[in-house]
Every structure is written in C-alpha cells, then in structure tokens.
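> So the chains spell out like this:
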Amino acid sequence: MSRLSRRDVVTATGAAAAAALAIAPPEAAAQQAPPAAQPTVYLFFNTDEVAFIEAALSRLIPADDKWPGALEAGVANFIDKELNGAWGAGERLYRSGPWQPGTPSQGYQLPFTPAELFRTALAAITKDLARAGTPFAKMSGEQQDAYLRSLETGAADLGGVPSDVFFAHLWDVTVEGFFSDPVYGGNRDMMAWKMIGFPGAYASYYELVDQHGLKLDRAPTSLAEDSHGHVHVQPAIPAGQR
Amino acid sequence: MAERLKAVDVVTVGVGLTGAILGKELAATGLKVIGLERGPMRDTVPDFQSPAIHDELRYAVRKALTQDNVKEAMTFRNSTGQTALPMRRWQGFMPGNGLGGAAVHWNGLTWRFQPADFVYRTHLEGRYGKGFVDPDLTIQDWGVTYAELEPHYDRFEYLCGTSGKAGNIKGVVQAGGNPFEGPRSREYPTRPMKEPYYGALFRKGAESLGYHPFPSPASTLSEPYTNPEGLSLHQCVFCGFCERFACEHFAKASPQTVILPVALKNPDYELRTGCQVLRVNLDSTGKKATGVTYVDAAGREYEQPAELVLITAYSLNNVRMLLNSRIGRPYDPATGEGVVGRNYAFQTMSYASVFYDQDVVINPFMASGASGTVIDDLAGDNFDHKGLGFIGGAYISATMTGGRPIEFHPTPPGTPNWGLGWKQAVARHYNHTVVLTCHGSSHPMRGNCLDLDPTYKDAWGQPLLRMTFDFPQNDVRMSRYVTDKAVGVGRAMGGKIVAGAPRERPYDSTIYQTTHNTGGAIMGNDPTTSAVNRYLQSWDVPNVFVVGASAYPHNASYNPTGTVGALTYWALDAIKNRYLKAPGALVPR
Chain A
1 MSRLSRRDVV TATGAAAAAA LAIAPPEAAA QQAPPAAQPT VYLFFNTDEV
51 AFIEAALSRL IPADDKWPGA LEAGVANFID KELNGAWGAG ERLYRSGPWQ
101 PGTPSQGYQL PFTPAELFRT ALAAITKDLA RAGTPFAKMS GEQQDAYLRS
151 LETGAADLGG VPSDVFFAHL WDVTVEGFFS DPVYGGNRDM MAWKMIGFPG
201 AYASYYELVD QHGLKLDRAP TSLAEDSHGH VHVQPAIPAG QR
Chain B
1 MAERLKAVDV VTVGVGLTGA ILGKELAATG LKVIGLERGP MRDTVPDFQS
51 PAIHDELRYA VRKALTQDNV KEAMTFRNST GQTALPMRRW QGFMPGNGLG
101 GAAVHWNGLT WRFQPADFVY RTHLEGRYGK GFVDPDLTIQ DWGVTYAELE
151 PHYDRFEYLC GTSGKAGNIK GVVQAGGNPF EGPRSREYPT RPMKEPYYGA
201 LFRKGAESLG YHPFPSPAST LSEPYTNPEG LSLHQCVFCG FCERFACEHF
251 AKASPQTVIL PVALKNPDYE LRTGCQVLRV NLDSTGKKAT GVTYVDAAGR
301 EYEQPAELVL ITAYSLNNVR MLLNSRIGRP YDPATGEGVV GRNYAFQTMS
351 YASVFYDQDV VINPFMASGA SGTVIDDLAG DNFDHKGLGF IGGAYISATM
401 TGGRPIEFHP TPPGTPNWGL GWKQAVARHY NHTVVLTCHG SSHPMRGNCL
451 DLDPTYKDAW GQPLLRMTFD FPQNDVRMSR YVTDKAVGVG RAMGGKIVAG
501 APRERPYDST IYQTTHNTGG AIMGNDPTTS AVNRYLQSWD VPNVFVVGAS
551 AYPHNASYNP TGTVGALTYW ALDAIKNRYL KAPGALVPR
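In order, the protein sequences belong to chains A and B. Just so we're aligned, residue 1 is where the first sequence starts under the numbering used here, counting upward by one. Just so we're aligned, residue 1 is where the second sequence starts under the numbering used here, counting upward by one.
Quick caveat, the hints were computed from the structure, so don't treat them as lab data. Only a predicted model underlies this, so the values are computations on that prediction, with no experimental measurement involved. It is possible that some hints are incorrect.
Claimed, not checked - Derived, one-sided and incomplete: chain A residues facing chain B with beta-carbon distance under 7 Å:
| id | residue |
| --- | --- |
| 1 | GLN106 |
| 2 | VAL165 |
| 3 | SER204 |
Positions of the beta carbon are idealized from the N, C-alpha and C atoms, including for glycine.
If we strip away everything but chain A, and leave its shape as in the complex, we get:
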C-alpha cells in the first residue's frame, strides 16, 4: 500500500511533536503554524506538459476573490502522481484487443493507458500550438478558454486521441484532484472542502443528523490529519495503488 498508511501518519505525528518540543514547550505546539506548502516535485510530467497542465487548471477551476482554484489547490501535483501511479498504468482497465471504435454508450475503447493518453495528447497539443505560434501558457485567458472549448467539443486528432476524449479525462481527473482527500496531493489545506462545506473524511453525525438545518462550523478532517490538525501532504506520494 503506497498511500499514506496509518503508521506513516503516526510517524509523521511523532516527528512533528518532536520538532515542536525542540523549539517550544508542548502546550505551544497546538498553536504552531501548519507547515508551508511544499514545492511540487513532478514525477511524470515534463516541462512542456507542466506548462500546459498548470495553465489549463487555472482556467478549468479558476481562483476568485473568495476561493483558490485548481492550480492553487495542488491539482497539477495530484494529476502528476495519478499518472505516475497505478491509475496511470491502467489499474482496473480491461486492456485486451481487438481495438474497435464504438458508440458513446460503449465507453472508452482506446488502447492507451491514462499515462499514455496524456503523454500522446499533450505532445500533439504542444506541436499544434508551436505551429500556430503561441504556446498555451502564453495565451490570454479568453484564448485559453476558447482553445479548451475546442478540445472539449471538437474531435481533433491528438496523435490518435480524439480531443474530446482527452478533455474528458483531464476534466475528470481535475475534479478528482480538487475534491479528493489531500493525502493524494491535491485539495491543499482542504480548500475545496471548505469552499463547499464538506466536513471531510470521517465523523459521526448520529447526534447531529436530526438537528435540521444545522450550520457546521468546524474545520474539515482529512485522512492524513494529525492530532494538531496538521495535514501531511506529500508531493511524492504515488496515488491510488495498493
């Protein structure tokens, strides 16, 4: 199991407590600020791919004056780890041929694993935009939206990947990264959960469920949360495999 295991949580908690002890008396540990967000270490994406993905995320779920967007939430890191892990390699994907195009109701019918699909489509996009003259990341927001819409609705051939298939994969994994537990490297500081009011991974609501209309005001809880409320996000956690 390469997800953050219970033992890792305990170990991390112990390390945090030890660090706190070294610099402050134990009672001050509760007030200690959460660790600063760690820089993203990309394990799958290359430089061109990162430039596209980061720019696309800031248009797919943009930041606004109240809430950060997908980029700020670490979704690029999430996608990178997903593609580098079991899901990217085709976990739970039937991969035998023959390969034939089907109807939309028959679902995904390409031989590409998610990792292969992103690599192939992103290379084609980079090439396409190099020909046109402006890389995606250098476009204005309106131009970027128009380009993303053309991927979404069109059926341009991205090296064998229809652009709408690529867009659907990108959008699904963006929503997953935005809303999944921060242990997977997205949803940083549980910002997406705070935005909607989802209280997180575990709780008992037996005493609250019949208090109709109750406004919960507690902070959400992550799978990776320690006893100080710190969430240990590790950019290098390969996600989704066992």
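Given the coordinates of chain A, work out where chain B should sit on it, guided by the hints.
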C-alpha cells in the same frame, strides 16, 4: 492437468450474500461444504477500518471493491445489430469482488417486491385486460407467490436487523409505514433510522400533495441489535461513507457482520478464497454435475468433486457460469427460444434536483446509504395505469447517501461545464440541494439478453459475458411520467429551481445508475421459458441450483437485495427439506 481433490457434499461458487447463507445453513446439517470465493479474504477488522476506508477516490471513484476487470470484464452493446465491445472500466454498475461480494459495498436498502410482481402477467391481464401489456415485453409469472416468500423475507430482515416501520401487518394497515406494501407477519426488527433534513423536507412536500411518505427500509441500523445467529450489530452513525464502501462500524448488514462468523466456526464449513471457478463439470449424460474446476490465486488448477453445486455468484456471473458450463439451452434473441440469458433487466433510474436558497442548509453528508424518506404511491402497480401507455413505476425518495464531493456537486441547468461559473455554482449549491431519486422498474424485452462474447476473453482464456440492452419504450414512458411527479414534489418542498432528468434511450454503460442487474437464469414453471424451476433448481441439471437476482423474470421498482435474501431462504428450505431427502428434480419437466 487439474489435481483432483477429495469429494465433498456441497460446493458454493461464490461466497457473497447467497453463498454465505447457504453455506452456513447446509454445513449446520452436517454436510461438508466448501465455499469457493474468487476474491480475497477480508473482514471488518482489519480491512475496513479508519482512516483508510473513508477514501472517496479509492473506493467510490477508482472502485477498489469491484470485480477486477483487468482480469474479468464484460462486453456491451445496445442492440443485436451492433458489435459488443468491452466495458473497459466499470462505470454503469459495480459487481463486487472478494469475500461478502457486493453485499459489502451495498447501500443497505432492504425492500420487498409487491405481491403483484410475483404473478405479474396474470395480475396485469386481470386488472387491465389481455391486450394491455406491450407485446415486446416478455414479462411472466415467477412461479412463486408473495405469500410463499413472506416467511423468508421476514427471516432475511431479522438476519440483517433491518430498520423501518411496517405499513401492513397481517393485512392491517399501520400508521407511519408504507400502506402499499404486502402484508408482513410482524414489525421490522429495529425502529426506523433518524430522519435527516432532506428526508423531512421531502416528507412535508409529499404529504402536502396527498402522498404517503415513510422511512426508508435500511439495513444500516438505527439501534444496536443481536440477530438470531447471535451476532451483534451497532448503531449507524451516519458517517456518509456507506455504499461503495465497507462499513467500519459493524452497523451495516453484510455477510461478514450477519452470518459468516457462524459458518466459519463450523468445522464442516471450509472457505477457500482466491479461487476462480472456471466451470461446473458434468458427467457424460450432461444431466448431472460432478463438481467444479477452479484455479487458485497461484494459478494452480483443481477439480473439486461435489454432490451438490450451488451457483451463488453475482447475478451476471451466475449466467456466465451456466453458459461456460453448458448447462441449459442458451437464449437466442432472433427466435426467442432458449432460456439461459433470457429476460435480462436492470433498473430505470431518474432524478429530480431541488435547489434551495442558501439559508436552507441540507448537510447531505449526514447519511447512511439507506437513510431518508420514501413514497411508494407511484411504484409498480400501486396506481391505475389505464390510459398511461406503460406498466410499472418507481418509488421516489430523498435518500442522499453521503454528499461526497467528487461524485456529488449538483448545479442547476444552464451552469457552464467548467470554469468560474461552474466553480461558483458548485460552491453556491453543494449544501443547499436535495436530489430526489426515482427508482424505476425494468421490464425484459426480446432483444435484451446475456450470452457469451465471440471475441473477448478473460485472464483464464474464457469468453466474457456479452450484454445486449436498451431501455424498452415502456420504461422510458414510465420514467418521464414519474420524474414529472418527482418535480412536482420538489416544487412542493419549496425548491427555488427544480430540475428533472427522466431516463432516455440509449442506455449508456458509462453512466452509473445502480448495481441491480437481474435475470438471465430466470425462475418459472415452464422449462421452455425459464432456466430454473420455482426452487431455483436447474431444469437441466437437478444437482445445480442458481441463486440470486439472476432468477428474476423482471426487475421491480425496488432495490433487489431483500428479494435475493428471501429467495435464498426459499431455496434453502427446498434443498434442506425436500432435495436432500430425495435428490432429483423437485418439479417434473
């Protein structure tokens, strides 16, 4: 060459709900029973515990508890004229895998079918006349009646500790329950669950329109309970990680919580996990099973001789096992002849989303998979269908099941698919929306069927099951009618925007509805139109019983598990009290 093992009395192919019940009961009679489960051993402790089990991405989205379709997928097409292609990911439904099967990751909704469902054709022709039912629908009577099944429904509910309020006890209608239900012999084993806010809003709206709301029947328990097996369950805490997950709290009925511990204590019962049964073996006459051939987790092949073979896998895999074992004549949709694969049905689901102002705080995450409030007024044949142009119906419920945000982030019609408008709509509506479910019946029609795929194979080299399915026009008309009524309830609930989405053709295998796949090895009194007799015994090979929702001639307006449990105890009764005394066909051909 397969190693031949020591013969036993009984083998079950699969140890989910049906295999666990039959295995436990038959071992208790002193027979040697082996349960063969293809998936892993797993139990509440240590496998289903916090924090790891509350992981929406892993369990609900990546579907960690489902059949591994890298090894074993199935193919799909909408009609017989198309080429079926593999469902390369599970999206439309989620067959279970591992000890306990899909009864580990189910919601816990525990319904009975209507008395009319079991005599469906007779009932409809009696009420509406002979020409009323669309001739394309191959509905038929089940060969068993509600009255015969009632004690077995009762036994199953008391096994699970199901929470609810009876609406009809021995013919006397009970206030607060479902007035449309068939008579029960007694009250539910545990009181109804607490009513969440979404349920209360629905109750008020439905009552104002003259409907009859009642608490959803739930095997996620309202209070601690000890079942007749001596096993104790806890009170559900409404944690919101229920269906698609395993319960960490011992609060949801599953084979692990309600029956397996008893079986595993009996030395006459042996569980073998990681064992993929390839086929049921027949003798030279083709009319007697000699046992099964399976491959273990390390790839070693064995022959396990047995006197009695119980096919107790998921409904779809029951059908595949019959086809791969050449038991029963395969159904041919071109001629309508043959039985194995006939009358595949599903569920016709639709929804109505009720969007409120921001001062109405719903808290959709305070939920079990089965908590909420329901009306049965528009289900099955509970209302007059004269002039409506369809048969069947749907229950309408407010059962929100968890509000986990990757899966649940409702937005009103007109919201952009992505971008700032999408984000702001999600933030605005997440905690202020109630989604109503219309849980509709599904009728078989001639072209909808299951057979073996001619092209695609599983990891053991065996053909995949091929599904041919689209919604009958009858069911589309039903969905439009009931969804419209649900929109009416949503308006009466005070929703500012109410958006209904009836089910339309074509059936899309990429959109999740339910894991309620039924039929394909259906029960009946006529061996030319059913694969098993009224006791779920194969017409062709009498020492094989095929137990599960594969036996349903049609799928009713309800979640199927309650009826699976009842039919399991019904078949058990026939095996124990009749078959074992005189092995052979219980109904002459």
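> Flag every earlier hint the structure violates by its number, smallest first.
Failing hint: just 2.
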